[in-house]
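Chains A and B, in that order, are what the protein sequence lines are.
The first sequence lines up with residues 1 to 544 when you count with UniProt numbering.
The second sequence lines up with residues 1 to 544 when you count with UniProt numbering.
Be aware that one or more of the hints could be misleading.
A pair counts as met if it fits within one copy or between any two copies, since identical chains are not told apart.
Cut-off 25 Å, straight-line C-alpha distance, at most; resulting in silico cross-link-like pairs (DSS-like, lysine-lysine) [stated by the list, open to error]: (1) K526 x K500; (2) K365 x K62; (3) K365 x K491; (4) K500 x K530; (5) K464 x K94.
It is worth saying that the hints were derived from the structure and are not from the lab.
Protein chains: 2
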Amino acid sequence: MAHPSPDASTTVVVVGAGPSGLMLACNLVRYGIPVVILDDRPDKTSTGKADGMQPKTIETFKQLRLADSLLRNGVRVYDISFWESTENTTLHRKGRQIHYPDHLVGAADPYILLAHQGMIEGVLIEDIEARGVRVTRNSRFIAWVIDTDFPDLWSKVAVRSHSVGSILWIPRERNMTRLYVELSSTEGERVDKTKATPEYVMALARKAMAPFKLEWKSIEWFGNYVVGQRVASHFNDDDMQIFIAGDAGHCHSALAAQGANTSMHDSFNLAWKLNLVCRGLAKRSLLATYEEERRKVAMDLIRFDAEHCNAFEQGEVALAKNFDDNIRFISGVGAEYSSGLLTKIQSDLVTGGALRPGALLAPAKVTRYIDANPVDIQLDIPMLGQFRIYVLVPDILSMKNFLDAFCARLKNPKSILGRESALAQQSYNETPRGKAASDEYVQPQRYTTVSHLFTLSLVTKSSKSDFELSDLPDILQQSRWTLYLDNADEKSCTDKWVGKLNSNEAAIINVRPDGYVGSLSLWTEKEGDKAADWVEEYYASFLT
Amino acid sequence: MAHPSPDASTTVVVVGAGPSGLMLACNLVRYGIPVVILDDRPDKTSTGKADGMQPKTIETFKQLRLADSLLRNGVRVYDISFWESTENTTLHRKGRQIHYPDHLVGAADPYILLAHQGMIEGVLIEDIEARGVRVTRNSRFIAWVIDTDFPDLWSKVAVRSHSVGSILWIPRERNMTRLYVELSSTEGERVDKTKATPEYVMALARKAMAPFKLEWKSIEWFGNYVVGQRVASHFNDDDMQIFIAGDAGHCHSALAAQGANTSMHDSFNLAWKLNLVCRGLAKRSLLATYEEERRKVAMDLIRFDAEHCNAFEQGEVALAKNFDDNIRFISGVGAEYSSGLLTKIQSDLVTGGALRPGALLAPAKVTRYIDANPVDIQLDIPMLGQFRIYVLVPDILSMKNFLDAFCARLKNPKSILGRESALAQQSYNETPRGKAASDEYVQPQRYTTVSHLFTLSLVTKSSKSDFELSDLPDILQQSRWTLYLDNADEKSCTDKWVGKLNSNEAAIINVRPDGYVGSLSLWTEKEGDKAADWVEEYYASFLT
Chain A
1 MAHPSPDAST TVVVVGAGPS GLMLACNLVR YGIPVVILDD RPDKTSTGKA
51 DGMQPKTIET FKQLRLADSL LRNGVRVYDI SFWESTENTT LHRKGRQIHY
101 PDHLVGAADP YILLAHQGMI EGVLIEDIEA RGVRVTRNSR FIAWVIDTDF
151 PDLWSKVAVR SHSVGSILWI PRERNMTRLY VELSSTEGER VDKTKATPEY
201 VMALARKAMA PFKLEWKSIE WFGNYVVGQR VASHFNDDDM QIFIAGDAGH
251 CHSALAAQGA NTSMHDSFNL AWKLNLVCRG LAKRSLLATY EEERRKVAMD
301 LIRFDAEHCN AFEQGEVALA KNFDDNIRFI SGVGAEYSSG LLTKIQSDLV
351 TGGALRPGAL LAPAKVTRYI DANPVDIQLD IPMLGQFRIY VLVPDILSMK
401 NFLDAFCARL KNPKSILGRE SALAQQSYNE TPRGKAASDE YVQPQRYTTV
451 SHLFTLSLVT KSSKSDFELS DLPDILQQSR WTLYLDNADE KSCTDKWVGK
501 LNSNEAAIIN VRPDGYVGSL SLWTEKEGDK AADWVEEYYA SFLT
Chain B
1 MAHPSPDAST TVVVVGAGPS GLMLACNLVR YGIPVVILDD RPDKTSTGKA
51 DGMQPKTIET FKQLRLADSL LRNGVRVYDI SFWESTENTT LHRKGRQIHY
101 PDHLVGAADP YILLAHQGMI EGVLIEDIEA RGVRVTRNSR FIAWVIDTDF
151 PDLWSKVAVR SHSVGSILWI PRERNMTRLY VELSSTEGER VDKTKATPEY
201 VMALARKAMA PFKLEWKSIE WFGNYVVGQR VASHFNDDDM QIFIAGDAGH
251 CHSALAAQGA NTSMHDSFNL AWKLNLVCRG LAKRSLLATY EEERRKVAMD
301 LIRFDAEHCN AFEQGEVALA KNFDDNIRFI SGVGAEYSSG LLTKIQSDLV
351 TGGALRPGAL LAPAKVTRYI DANPVDIQLD IPMLGQFRIY VLVPDILSMK
401 NFLDAFCARL KNPKSILGRE SALAQQSYNE TPRGKAASDE YVQPQRYTTV
451 SHLFTLSLVT KSSKSDFELS DLPDILQQSR WTLYLDNADE KSCTDKWVGK
501 LNSNEAAIIN VRPDGYVGSL SLWTEKEGDK AADWVEEYYA SFLT
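Please take these sequences and the hints and turn them into a complete structure.
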């Protein structure tokens, strides 16, 4: 069945204003795509529900320049402690563990940020409203505080009691604490739902926590959650007019704080693709990669979740092992995509660095050339729905010919990127991105000087005194805000990303708007044209 | 002449709602002292004027938890570049220099943060209003952008031209740039004020910057500033009823971005003293330390400023040397107080660390025991007008007797601190601190568990697994949010602050509410009582 092609005036209807729906709406509003947001609740989430932001989700909010208030007001959990009682021992601490060890995860923010789902939704709603789109107004919520002498209240704590089952404690903002109390394991079967009153659950929790006292000063939220794992068989209809994201696509336990994180990243994946297709800049087949990529992650998630629930019931050793095995995935940093239209995995390319197609950029520090500011390179370019083409050239002078040839091709109006950039310019002229007053401090136009489709970025180990801006090809001069000196950290960005390069070598990395590496290759001095061919080929496969 | 003693219901009238007045008002409102703010302008500063926040000022705003929006929206200048033209050479870069080298300054934020004075005032006004006190509403301002091909636009740039004199470039938020153009040196005397039109100054600037082009897209602010240095002979009247702060106290050139910084720190120094005296917790003589301390800094400032202006005229070498010699002072980190009521300099005490009475705390990273969060210790305790008593004990178990004896004395209701803490409790019950909704996320009550006068803090190299909270004396248990593990950085906080300590040693540091070290001493295992005497003696000299 044929459908008329969408255009940049196509209205996208977002059904559901939870984290996933709002993330989608927020991105689309920024990209300039008209949005209507429908939700059956009269207000945003007032309390309870998903609220653990994983390291990758924190990064995503930083990319959107929306993390500040969440970081200021949320609670950061860096470690997890394991407690146990057996028939012969009272409740005692079995061990403590760092939640996201650097050598396993390598996240710039190695903690869970606990912030009420309403706070997360609020931040997205504010941004949407600041860009002139109205959504349901937020509502206020009230506090509760537990009173206990249990000493590990401000770690994440897993308690396994021989008599009562398992409890998971999560510290919360405003002096609150959340308890997950397991209701099924005492008699080996699910507890009757009518029995699961707050009083019953509190009595169970008190019993499990003895000899520590445990009283509730007030209760903000009580929920009864039946654990089940399922993934929708399709994430879109046959015509790719309807897409599902978030809870509608996958359902699982709340134990590992994955739901809202995965849901928002569904939307983060979908939004930029919708933008490019609606604007007529990408082929409709680009949208098929949404299901391919996100259903794979959903499947990974429920597989992990089932193992995680089992491990939680088996106790500390199993749980610790399960964490170790899955910690990259839990953090969100490890969610990876398979080979496909957007992910060009070359089995013959081996680099000495961490980057690989289908995975996220590894965090690295560099110095911005133009103003000598040390910045996190993975965050420095704001989210404008653009690809990023990073050119890593340890020695600018030795690679002058390479850069000249490469840049000449990219700016050629007859090249694929040249032609598509002209179309993009026209499209964004007609339908500009959604603006907010705060954009004045972000200065988005710094990143669209060469193209609205991509930002070009040069990373070099050359010293600031080795060259002047005017020595560079003009499209690199125009990219002066994304020219980085690779001198800000003991281990350089280049070494981290692709390993050591010689002075006559270059690496080129195509990074997707959502921060995933699309493709990656190494080149030598004389291969500037070949490198440009390779870049063009990547974009030709999905641009119109 | 005798005056009735003030009490906590005394209204303080703040005249002038610039940075200094607003900083004073903001602090007093937080402390719970009634304030009336008078200003002859109908609106807050809309443009121009002081706007370089030095590293120490950034720290101060972080202590107030007010830095976020300034950091997000301001421009950070990390380096300074020097340009020159002579009769034989065209304009060329002579050198580049890091502005605040770590080994000279050691600031946690080693840059100038450029944010319009109206933004700084706005942040203070918002906080004052959030605590229920109304001030003049803010107004909007418009933008301008210079158009130039000069390559160092985004560094701070000092240009010395043989024909025209000196120009200082400062990058600004929202793509703006500020130029300071010297008008006196061409003919060796001051230029007639009527000649100093924007057109005249722009022509001078264009001439100095040749061969680079220089055009103005728009002009946001043009000012004509006559450089003069003066310091008021007194900062208060004889009855200590009237105090002057900021521009009213000291006047100097705008070149080194010192004015607003020094002004706000005048207020930061005065506010906590007024609070304690108004509440009847400190002797009136405490207020005399305001002039002693801040007039000394003002004198240091104009001495430096005169040298700095001379160096600016003499050229790059002189200016670079002047920076090197004064960079700690310029950053604000080096403003120090002499021996006095609040500053107990013991010439016989030599430690291997950086701290000394009369100077600020050096930045250091530690791990908060209770929730395993890595924190900046100098910022972690929010500004509540309290002293901080840091007890550094590398080995908790070896120092058990010391801690027991020391803590027993501090909590004794008959001790000076015990008695004064009871009075403080009564005072804050009757006249609480000014609250804002955002306090819910700061949880101020965590820091007043032992006393409203001071926060007690333990810093230890013992491992988390070596002890439990319940092993500690009760006032340390109550101070669980300020119990720090000294394991967060390669160089420990203890080593940084006081040098290596043996396992049977302790250091005690009395830190004033404004972050200055008041006194500092080292003790051994059996000296818990003596250490308590020493602490009591410090507070006895100025508490009632």
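Cross-check of the supplied hints:
In this assembly of identical chains, the alpha carbons of K526 and K500 lie at most 25 Å apart only when taken from the same copy (19 Å versus 57 Å across copies). In the homo-oligomer, the alpha carbons of K365 and K62 lie at most 25 Å apart both inside one protomer (15 Å) and across protomers (23 Å), since each shortest distance falls under that limit. In this assembly of identical chains, the alpha carbons of K365 and K491 lie at most 25 Å apart whether taken from the same copy (9 Å) or from different copies (21 Å). In the homo-oligomer, the alpha carbons of K500 and K530 lie at most 25 Å apart inside one protomer (21 Å), although the nearest pairing across protomers, at 59 Å, exceeds that limit.
For the identical chains of this complex, K464 and K94 are inter-copy neighbours only, at 13 Å across copies versus 53 Å inside a copy, given an alpha-carbon limit of 25 Å.
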